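Enquirer: Sequence:
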Amino acid sequence: MAQICPPARAEVSRTPAARRKTRDPPPVFKIVLAGTHRPGPLSICLLPACIENNTICRSLTPIPRRRPPLKIRELNVTPIAISDPPLRNAAGLHAPYALRIVVELVSEDGISGISEIPGSEDTRQALLSAAEVVVGCSPYETTRLWEALESRYGADSGDQRGTQPWDQRKLVHMFSALEVACLDLVGKATDRPVVDLLGGRARDRVPFSAYLFLKHEGAGGELEFGTDPAASGWAAGRQAEALTPDDIVAQAQAMCEAFGFQSVKLKGGALDPSIEVDCIRALRDAFGPDVPLRLDPNAVWSVETAIRWGKELEGLLEYFEDPARGQEGMAAVREKVDIPLATNMCTTGFEDLPGSVRLGSEDIILADHHYWGGLRASVELGRFCSTFDRGLSMHSNSHAGISLAAMTHLAAAVPNLTYAVDTHYPWQSEEVVVGGRFEFDEGCLAIPEGPGLGVELDRQALAKQHEQYLKCGLTHRDDEIEMQKIEPGWAFQSTRW
121 MAQICPPARA
131 EVSRTPAARR
141 KTRDPPPVFK
151 IVLAGTHRPG
161 PLSICLLPAC
171 IENNTICRSL
181 TPIPRRRPPL
191 KIRELNVTPI
201 AISDPPLRNA
211 AGLHAPYALR
221 IVVELVSEDG
231 ISGISEIPGS
241 EDTRQALLSA
251 AEVVVGCSPY
261 ETTRLWEALE
271 SRYGADSGDQ
281 RGTQPWDQRK
291 LVHMFSALEV
301 ACLDLVGKAT
311 DRPVVDLLGG
321 RARDRVPFSA
331 YLFLKHEGAG
341 GELEFGTDPA
351 ASGWAAGRQA
361 EALTPDDIVA
371 QAQAMCEAFG
381 FQSVKLKGGA
391 LDPSIEVDCI
401 RALRDAFGPD
411 VPLRLDPNAV
421 WSVETAIRWG
431 KELEGLLEYF
441 EDPARGQEGM
451 AAVREKVDIP
461 LATNMCTTGF
471 EDLPGSVRLG
481 SEDIILADHH
491 YWGGLRASVE
501 LGRFCSTFDR
511 GLSMHSNSHA
521 GISLAAMTHL
531 AAAVPNLTYA
541 VDTHYPWQSE
551 EVVVGGRFEF
561 DEGCLAIPEG
571 PGLGVELDRQ
581 ALAKQHEQYL
591 KCGLTHRDDE
601 IEMQKIEPGW
611 AFQSTRW
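In this text, residue positions in the sequence shown follow my numbering: the first is 121, and each later residue adds one.
Read the hints as simulated data drawn from the structure, not as lab findings.
Keep in mind that this is a model prediction, so the values were computed, not measured.
A few of these clues could be false.
Straight-line C-alpha distance at most 30 angstroms; calculated DSSO-like pairs for lysine-lysine [said to hold, decoys possible]: (1) Lys-456 <-> Lys-191; (2) Lys-591 <-> Lys-605; (3) Lys-456 <-> Lys-431; (4) Lys-290 <-> Lys-191; (5) Lys-191 <-> Lys-591; (6) Lys-605 <-> Lys-290; (7) Lys-584 <-> Lys-605.
Here are the in silico distance ranges between beta carbons for each label pair [stated by the list, open to error]: (8) Glu-471 <-> Asp-311: 52 to 60 angstroms; (9) Tyr-273 <-> Ser-352: 42 to 50 angstroms; (10) Asp-324 <-> Glu-267: 30 to 38 angstroms; (11) Gly-593 <-> Glu-377: 33 to 41 angstroms.
Glycine included, C-beta positions come from ideal geometry on N, C-alpha and C.
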């Protein structure tokens, strides 16, 4: 038995001529075939022209119409500056402000998708010019967007990454900003969280690691090297000097007490290796054998230095991150030192993966959606790591809550991302999302609730951080110049020890 079911508002006897006089779109009819061998009814959609005399229609059932396709109407690019203390690293010293760029895509029907990436004037200008490519695109078609950007700006090369601790490639950062904003927009349009668009959740809570820095006294921001005497708890801890093992232990205890972190990473490459190794020993004594520890010299140790001190660190570290420069150097250290080696400097793009496999340069790769080409590319990196027996962790740089939300969705979606995620978030105190700062529970974050990334722009806070950007006078990151405020004449060396 068959039933032809037109929409409830339509009279079946209406003629095509009568229908043309109305402004309604032509109705769509559904045939329901019952009594077949199938376990349920089979629905087939037909236009009215397929039906003669309405001889077998028995009921009226409307079919929901698809919404118009999403199109991007607007691209907004807002540089911001967030306060950052004087933290030491292999490249020098953090400036009083960390630069970020907030990207917003607005669809034709007013839905907003947002993202955040490291900031520089070059990247800002490139994103503004990318509006010619982005506006009018569908946020679903990120592959076409990548191809259009690559055609316009050219592919990044490996040497554009630079020797600094942070990645300096432009195209991958631009695409990441746009892809994350597209996924946020699509998630909000479909009422789904971004983690679902990445394959669904492998975990509900994401663990993060304490990220320690050797540092000079100072709160950063307007205070620069000054401090707020009224600060207490971690607010006081983040502005205290930390240049000795005892200082680092105090910093770790204050951070772990405030955020509940269950693992600890020390940024190295700033002082003599003997001091940094002593810091690790002091942390092990203070925290005991069950708290995982990591050390990251940012590749400024020679192979010989990395082997020498690596042997001293055997049995103390969860992993040893970038002790030497380049895949060849890392492979040489890995052959001699019995600690898992990790990298976010020698294997940082898909073009580096053949060398990683051939040389065996690391045991663990640190994902970072900001420079691996977005969230979906980072999920693909997880599959590579699973196939080629690599561990997977996650890198961080100074960031606000939009990036933190994206990192949490990504880490929740990748089953083999089993290490606690790096985050600089405790070192920042300002925010640009509604509701203010994220709160960690025993060092973990739950996937943000709500569609998309689960966060919305706080327009007033964004304007404040943008005004701070305009006042601070910084246009790009240069840790070498900042370090010269402490040590005049100081210069970065790609291999220092």
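Enquirer: Does the structure keep Lys-591 and Lys-605 at a Cα separation of 30 angstroms or less?
Expert: With Cα atoms ~20 angstroms apart, Lys-591 and Lys-605 stay inside 30 angstroms; holds.
Enquirer: Is 33 to 41 angstroms a correct range for the gap between the Cβ atoms of Gly-593 and Glu-377?
Expert: For Glu-377 against Gly-593, whose Cβ atoms are near 36 angstroms apart, the range 33 to 41 angstroms holds.
Enquirer: Given a hint of 30 to 38 angstroms, does the C-beta separation of Asp-324 and Glu-267 actually sit inside it?
Expert: holds (35 angstroms)
Enquirer: Does the structure keep Lys-584 and Lys-605 at a Cα separation of 30 angstroms or less?
Expert: holds (27 angstroms)
Enquirer: Would you mind confirming whether the straight-line C-alpha gap from Lys-456 to Lys-431 stays at or under 30 angstroms?
Expert: Distance of about 8 angstroms is within 30 angstroms: holds.
Enquirer: Between the alpha carbons of Lys-290 and Lys-191, is the straight-line distance 30 angstroms or under?
Expert: holds (25 angstroms)
Enquirer: Using the C-beta atoms of Glu-471 and Asp-311, is the stated range 52 to 60 angstroms upheld?
Expert: violated (37 angstroms)
Enquirer: Between Lys-456 and Lys-191, is the straight-line Cα distance small enough, at 30 angstroms or below?
Expert: Since the Cα atoms of Lys-456 and Lys-191 sit roughly 55 angstroms apart, the hinted pair is violated (cutoff 30 angstroms).
Enquirer: With the threshold set at 30 angstroms, check whether the alpha-carbon distance from Lys-605 to Lys-290 stays at or below it.
Expert: holds (28 angstroms)
Enquirer: Within a Cα-Cα threshold of 30 angstroms, do Lys-191 and Lys-591 meet the stated pairing?
Expert: With a Cα-Cα distance of about 35 angstroms, the restraint between Lys-191 and Lys-591 is violated, given a limit of 30 angstroms.
Enquirer: Does 42 to 50 angstroms hold as the CB distance between Tyr-273 and Ser-352, or does it fail?
Expert: holds (48 angstroms)
Going through the hint list in order, the structure does not satisfy hints 1, 5 and 8.
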